[in-house]
Amino acid sequence: MGLRIEEAGRACRVVIDGDLTVANAAEVGDALGVAVLGHDETEVDLAGVEEMDSAGLQIMLAAKRCAGRTVRFVNHSAAVLSLLELANLGQQLGDPLLFRASDGRA
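Residue numbers 1 to 106, in UniProt numbering, belong to the letters of the sequence shown in order.
Note that these hints are calculated values from the structure, not bench results. Please note that the accuracy of each hint is not assured.
To be verified - The calculated label-pair distances, taken between Cβ atoms and stated as ranges, are: (1) Ala78 / Gly38: 28 to 34 Å; (2) Gly18 / Ala62: 27 to 33 Å; (3) Gly38 / Ser82: 16 to 22 Å; (4) Gln91 / Glu41: 18 to 24 Å; (5) Gly9 / Ser54: 32 to 38 Å; (6) Arg10 / Val74: 15 to 21 Å; (7) Val22 / Glu85: 18 to 24 Å; (8) Arg10 / Ala78: 28 to 34 Å; (9) Asp53 / Gly9: 20 to 26 Å; (10) Leu61 / Ala23: 17 to 23 Å.
The structure displayed is predicted, hence computed values, not measured ones. Don't be surprised by glycine CBs; every beta carbon is placed ideally from N, CA and C.
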C-alpha cells in the first residue's frame, strides 16, 4: 500500500495506491486523519486502490465526518465503485461518482 500527500497551502491531495483493507486500515486511517485535520480541503484520489473492504469504507466515512473540513473522493477505481454500489454509499462518498464506460453502467 502506498499513500502520498501533496500539500498546497490549506489544501492537500492524498493519493492511495494498493489495498484499502483491514490489513492496513490503521495506517491509512491515521495518515488520512492527519491530512484532513491539517487542511481545510482534502482531495483523496482512489484510482490506484486495487482492493477495498468495509474497513476502507469506515475510513472514508470518518474522513467525510470531520467537522469544518471539506473532503472529496475522486477517481474511484473499479474496486471502490463496486463496494460503494454494494453498500449503497455512492451518493454519500461519490464526489462525484462516475462510472467508466468499460463498467457497462451509465
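Against the structure, the hints:
Checking the proposed 28 to 34 Å range against Ala78 and Gly38 shows it holds: the Cβ atoms sit about 30 Å from each other. The hinted range of 27 to 33 Å is not satisfied by Gly18 and Ala62, whose Cβ atoms lie roughly 19 Å apart. A C-beta distance of roughly 31 Å is found between Gly38 and Ser82, which places it outside the suggested range of 16 to 22 Å. Distance hint check for Gln91 and Glu41: the Cβ-Cβ separation is about 20 Å, which falls inside the suggested range of 18 to 24 Å.
One distance hint, 32 to 38 Å for the beta-carbon pair Gly9 and Ser54, holds here, with the actual separation near 34 Å. One distance hint, 15 to 21 Å for the beta-carbon pair Arg10 and Val74, holds here, with the actual separation near 18 Å. Hint check: Val22 to Glu85, Cβ distance near 20 Å, so the stated range 18 to 24 Å holds. Taking 28 to 34 Å as the suggested C-beta distance range, the pair Arg10 and Ala78 conforms, at roughly 32 Å.
For Asp53 and Gly9, the Cβ-Cβ distance of about 34 Å falls outside the hinted range of 20 to 26 Å, so the restraint is violated. Distance hint check for Leu61 and Ala23: the Cβ-Cβ separation is about 19 Å, which falls inside the suggested range of 17 to 23 Å.
Against the hints set out earlier in the document, violations occur for numbers 2, 3 and 9.
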